[in-house]
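Colleague: The residues making up each chain are set out below.
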Amino acid sequence: MSKTKSQAKENRASNPREEKLMADLEKYRQMALAMGADDARIVPVSQIVQKLRARMVDQFPRAYSIGVAYFAEPSFEIPWKYAKAILAAYRYAIMAHVPYPMDNPNNFTGPTAAGELGQAIEIYKDNWTDEDIRYWREVVEKRQGRRHAQASVSNTIEREARKDGHQFAVGGLSGMCIQFCEQFGNTCIALKTGICRNPGKSRPFGTAATLGYDHPGTYTNLGWRNRVQGWSIFPEDYPEKLENPSPARTATVLIE
Amino acid sequence: MEERGFTKEQLRNFEKWRRQVSKKIEVADVAGPTRMAPRREEEIPRYPPAVWPVPEEDRSANLEKYCRLALSMGAAAAKAIAATDIPQDLRAMYIGCLSPSCRWLNTNFHCPLVRRYPFEDMQEFVSDYKNAIVFKVLPPKIDAVPDVGAVNLDMYYTMGGGEPPDKAMLARNIIRLRILNEMERRLRQVAYYDGYLMAAPIGSGPCIVTKCASKRTCQALKPRGVCWSVEVQPNGQLVYIDYHALGRRLDWGELQPGGNCAFPEDVPDPSRYYNIGVVLID
Ligand code: SF4
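Just so you know, the protein sequences line up as chains A and B, in that order.
Under the numbering used here, think of the first position of the first sequence as 73, with each following residue one higher.
Under the numbering used here, think of the first position of the second sequence as 6, with each following residue one higher.
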């Protein structure tokens, strides 16, 4: 064993807080596996690749989320040097590779992936013709895309970690926070009044993009692989028997 | 992609779309009023579900493929370069866009002056990429006045006491920029569906001209306003790209002042006018 490794082990042994952290991390890893991840790891944060492109790419081309809610760009943006400092302040994350359940493949790819088309119709309908609105509502009805379980993997681990005393544990919010404001016609009240109507639920969304986690770079570091998803890959475009890797989402929770 | 198990029909469909996406972009393809809602399901190009991250050994073949695609869509030249070979210069925005000020300055949410980023951040952003596909686009030859829907941009000419613009000139330029935009859009789409998830098209002229000429003002610039389009992006000057130095570096000839936002009618030598498209590849 190298000197540094044995020293680290010694430090841990003599530091109960550090020992508890290691035990907690293993607990969260097991939780992710129990919730359906096919791989879950305790990752030193140095392995998470952080790049500004992961954030800027939302503008090139423009993502549907820009401008729609207080927690989206441009009203909310962590200065890039702070985003770097925030990630650097953490030591460990739980990263889980969570395959999509294949019962309804419209959940992970095609126009209704992650249920966001329904929201997009409501947000953008003033610009669409009645015929377009009717057409896309029928598509949503037919395909029934829904948000994926990956969100609950990160939320559950984050909640548990906070209970365990890791007060800055943070997972992401998948999809736009405007999902909580359906009853207000999918408009963001915080953009109008400055006060969010869903405190405790809402948060900066696309945490990966906000902090700049670069998925291709991080996947390369972890040796993970995934499938491209998007509007131009319909469930009908998958081969009947899919070889590895299966499509997945990534749950990332920064712990401490 | 070497995936097994696709049906003949699936393979035929991918091939149909591959041909469709590689076709030369004609005036008729981008003419007419702007489409506001997404393309309908049957109009959405379809790709096989590729695996990412893309293996490094596939890079050079993919870059060659993207250059061929740019040429087949109608580019006069195309090249894959290292992203760090894209010249960035503070003057690209602070002098190029401002002195004298561009006609389209602050008219749309994607104008580089609306959302400014520190120069160092934009250097970092470009250097996060390994490559860029750059391509040269000459103004298309357009005989008749193309249909581009209603055009309501007079005030940008008359506000300062100028003459109302020639509608045929505006329509030609809307088509010219829409073709450039469509080339960048398709290139990025093909790269993205190959597994380059961070592929980024960089600018293609003022979107108030290409997308919102009928609306006259940008709805995203109104209080709490939101842009309606997802086929649009900020202009290259946001990233401080010095298109003039890039054109010289590529030996494509002296680029006329104003970059993609200037019209051939506004530049000293319209006979040498061209545009540069840029798509960053991770
Ligand atoms: S609303 Fe129109 S002008 Fe404004 S940013 Fe969007 S496309 Fe551009």
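There's no promise every hint is true.
To be verified - Partial list, computed: chain B residues near chain A (C-beta under 10 Å):
id : residue
1  : LEU118
2  : ARG120
3  : PHE124
4  : ASP126
5  : THR222
6  : GLN224
7  : TRP233
8  : TRP257
9  : GLY258
Bear in mind the hints are in silico, worked out from the structure with no lab data behind them.
Computed from a predicted model, the values in this text were never measured in an experiment.
All residues carry an ideal CB built from backbone N, CA and C; glycine is no exception.
Colleague: Compare the structure with each hint and give your call.
Modeller: Going through the hints against the structure:
1. LEU118: Status violated, d = 14 Å.
2. ARG120: 6 Å, holds
3. PHE124: Check failed: Cβ of PHE124(B) comes no nearer than 12 Å to chain A, outside 10 Å.
4. ASP126: Hint holds; ASP126(B) Cβ to chain A Cβ min 5 Å, cut 10 Å.
5. THR222: 14 Å, violated
6. GLN224: 8 Å, holds
7. TRP233: Nearest chain A Cβ about 4 Å off; hint holds.
8. TRP257: 23 Å, violated
9. GLY258: 27 Å, violated
Checked against the numbered hints above, the structure violates hints 1, 3, 5, 8, 9; every other hint is satisfied.
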